[in-house]
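From first to last, the protein sequence lines are chains A and B.
Take the first sequence: its position 10, counting from 1, is numbered 10 in this note's numbering, and each next residue is one higher.
Take the second sequence: its position 15, counting from 1, is numbered 15 in this note's numbering, and each next residue is one higher.
Hints are computed from structural coordinates only; laboratory data are not their basis.
Beta carbons: idealized from backbone N, C-alpha and C, even for Gly.
Facing chain B, a subset of chain A residues (Cβ under 10 Å, in silico):
| hint | residue |
| --- | --- |
| 1 | Ser-61 |
| 2 | Thr-99 |
| 3 | Gln-147 |
Below, a list of computed lysine-lysine pairs in the DSS-like style, where the Cα atoms sit at most 25 Å apart:
| hint | chain 1 | residue 1 | chain 2 | residue 2 |
| --- | --- | --- | --- | --- |
| 4 | B | Lys-217 | A | Lys-126 |
| 5 | B | Lys-51 | A | Lys-22 |
| 6 | A | Lys-22 | B | Lys-73 |
| 7 | A | Lys-160 | B | Lys-631 |
| 8 | B | Lys-73 | A | Lys-184 |
| 9 | A | Lys-126 | A | Lys-103 |
| 10 | B | Lys-51 | B | Lys-41 |
| 11 | A | Lys-22 | B | Lys-15 |
| 12 | A | Lys-22 | B | Lys-57 |
| 13 | A | Lys-78 | A | Lys-33 |
| 14 | A | Lys-78 | B | Lys-15 |
| 15 | A | Lys-160 | B | Lys-217 |
| 16 | A | Lys-126 | B | Lys-244 |
| 17 | A | Lys-184 | B | Lys-15 |
| 18 | A | Lys-22 | B | Lys-55 |
| 19 | B | Lys-21 | A | Lys-22 |
| 20 | B | Lys-15 | A | Lys-103 |
| 21 | A | Lys-22 | A | Lys-103 |
| 22 | A | Lys-22 | B | Lys-52 |
| 23 | B | Lys-75 | A | Lys-33 |
| 24 | A | Lys-60 | B | Lys-73 |
| 25 | B | Lys-57 | B | Lys-46 |
| 26 | A | Lys-103 | B | Lys-75 |
| 27 | B | Lys-64 | A | Lys-103 |
| 28 | B | Lys-15 | A | Lys-33 |
| 29 | A | Lys-160 | B | Lys-629 |
| 30 | B | Lys-51 | B | Lys-21 |
| 31 | B | Lys-41 | B | Lys-52 |
| 32 | B | Lys-52 | B | Lys-29 |
| 33 | A | Lys-60 | B | Lys-75 |
| 34 | B | Lys-630 | A | Lys-160 |
| 35 | B | Lys-217 | A | Lys-60 |
| 36 | A | Lys-184 | B | Lys-64 |
| 37 | B | Lys-75 | A | Lys-22 |
| 38 | B | Lys-217 | A | Lys-103 |
| 39 | B | Lys-217 | A | Lys-184 |
| 40 | A | Lys-22 | A | Lys-33 |
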Amino acid sequence: MLPVTNTVGVQESELELTFLTKQEILLAHCRFKELLPKESRNTMDYRVPMEKILTMPELKSNPFRQRICYVFSTSEAKDGSLSFEDFLDFLSVFSDSATPEIKSHYAFRIFDFDDDGTLDRNDLVKLVNCLTGDAPETRLSQEEMNQLIGNILEESDIDKDGTVNLSEFQHVISRSPDFVSSFKIVL
Amino acid sequence: KSITTLRNQPWRMKKKLETLKEAQEFIEKFEGALGKGKGRKFYAYKVMMLKKWMKFKRDFENFKTACIPWEMKIKEIESKSFGSSVASYFIFLRWMYGINMVLFGLTFGLVMVPEALMGKPYGSMPRKTVPRSESSTAMDFATLWDFGGYAQYSVLFYGYYNNQRAIGWLKFRLPLSYFLVGVGTIAYSFMVVIRTMASNANQEGGGDDTSFNFSWKMFTSWDYLIGNPETADNKFASITTSFKESIVEEQENRKEENIHLTRFLRVLANFLVLCCLAGSGYLIYFVVRRSQKFALEGLENYGWWERNEVNMVMSLLGMFCPTLFDVISALENYHPRIALRWQLGRIFALFLGNLYTFIIALMDEINLKLEEEAVVKYNMTIWEANLYNGTLSENSTRPPIEVDPADVPRGPCWETMVGQEFVRLTISDTMTTYITILIGDFLRALFVRFINYCWCWDLEYGFPSYAEFDISGNVLGLIFNQGMIWMGAFYAPCLPAINVLRLHASMYLQCWAVMCCNVPHERVFKASRSNNFYMAMLLFILFLSTLPAVYTIVSIPPSFDCGPFSGKSRMYNVIQETLENDFPAWFGKVFSYASNPGLILPFILLMVLGIYYLQSTSKAYKAANIELKKKLQNIIKVPDLILTFHFRSNIDNPNSNLSPLMTNVFCLCK
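Sequences and hints are given; from them, build the entire structure.
Shown next, in the form of structure tokens:
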């Protein structure tokens, strides 16, 4: 366990192993403490449950918020709760200075709804439904959905196995000019 | 270095920490072994210095990030409400501010300060003194606001500078410095803009725009910086619309319902727009001629409107015509992205037309002033003769007579006039922008918020509602403002300083206005792909702005009694003069050989050939790229083919060996 000391002291290893600057780590520290219940304010190995994390304004409107919590959580119960280390991990990946490779790796894991290591048809359907919002009038019809998924697989699935694996995904993402600037969260 | 590798691994923090601990234990264990013998102390010292250096580099990076001006403000705008497209305008503003700071440094440090410190003080020469006839009104606020009076006869404008070749104990060559700073500001601006364009093009990775359309829409369209539910809803709607649009476009078969009607309407709309542009050009020309008439009759007889007519008309046109174009474009029924491009193109044409009409009118004024100057020169010989009236005969040397500089008759310094016009235009443009923000955004928001309670229809969703932040309009305004600065900086060294102040104030005012009175856009456009488009416009404007300045430098003789080039037949003669006097003789000879047209023409030819060669190689690289991609896709398909052939051959002849199959496959691979 990481012995996090007081609010002022930032661990040297934290600074080195993440892409965050000192100010960002301190800010993360403050925000994480606000999410903790009053009794456990001083023990930093407490795990904040997912519902609390989802009340943060930066994540509240994000359609992938639950997936983010599941991906970055290291709890054995797989309940999406985050410890402070997980929180720092999350901020580091979404920071300005993270490399595109790290970002695309984690983006892949976020989009992989069933955690099987590939983006198959069901993952893509769930992804589209997340992106089109919750209202029924904005959802795509069945045939539009089929056509869309077909087009995507045609573009990205190089080995034609019906799924998009990590290297195919990274190949597509690496050529996109918008990915790095939009895959960013700042506290 | 191993830490950097660790950082780049997509592992959990815990795992990284364990690995790090292991690595550190390993190093500590074997550090002694590594450093045994003679080099041990040196090795330990090296390791310590390396650690200190890494720490210093990290702290410096942190410090650098903290030093970027307004970074926090922009991040706030990005994350709180508006996503990355609005923030891109502010990033552009900040970049322009950086350029203007450099221009300000050059003009202030190398032109204004030397003249102020080392040149002759105010009142010692005719060009540096307010004329007797104007001295009663020289301190009035109205005169100063118009940049007349004491403001005109100061380091702010061209006319104040003395043409003495070297001033002060440093022997500072002021005319040379003035000329070189003028050329240097343009050269620096070109360099910065082109460098930024090149790095933008690199980042975009060769422009593979269409091959991954759908995948990109799926995987990269969500902006994770959006934190506002309203913006999120807008984003959902726009993503859905873009999906549906792409699906429909993919299916093709867009039925052209009534192609003739659409075409007729589009031609009509373009005709209306052309009429608007022509009308605005003529209006500006008319107004500038009228202001010349007013100036001839003396400005005291006219009120505020007549005095500032030109600037007000130009600013008002810039405010209302774009809205008019918007209304006309409703006739055209284009796809929104194409409509936006047309709108931008038309606003660009409007601003350009206005600026060039203004310059042509200014040229007319310059010619008038040149004629006036010839008259004044003639009158001055008569005046001087009158001074010596009866005391001496004509051919003997005259002792200088003490005349108060304020009484000497002045030539109409056309350069100062040009500088004043540009400064006035910039100021009025600034005022118009700020007033538009205050009225159009702030008062409108107040009105909608408070009068909504007692109004018949819902103001927030209906007609006025809250204003959206018009990114393209603001960016174009910024670009044209910069064009004016580039044009006028040679004649009014104070322009970059004024622009720096203006940008500084704009940053704060617009940040406040965006957070307080604007709502997120309905259609959320990506900013990154437009980046090079705006840069290209900036480059074009820079090129167009240098043309008038270069033309006036090369072809119009400078005024005889004001400015650092007075007395020369052309402004660029200062270079020749410097070459003759300050450099050794052989240098001048070399230079005259090098500027021989016989040498310059082949050089230009060489450059043209070089451009042609580079273009053809880049085309060849692009074609090779596409070929390689196709090969990549084909190679993946080969295992498929092998399996197909294997099955087929097994079905036909189970006992044959695979070698004919393999030779077939190898042929296909080639």
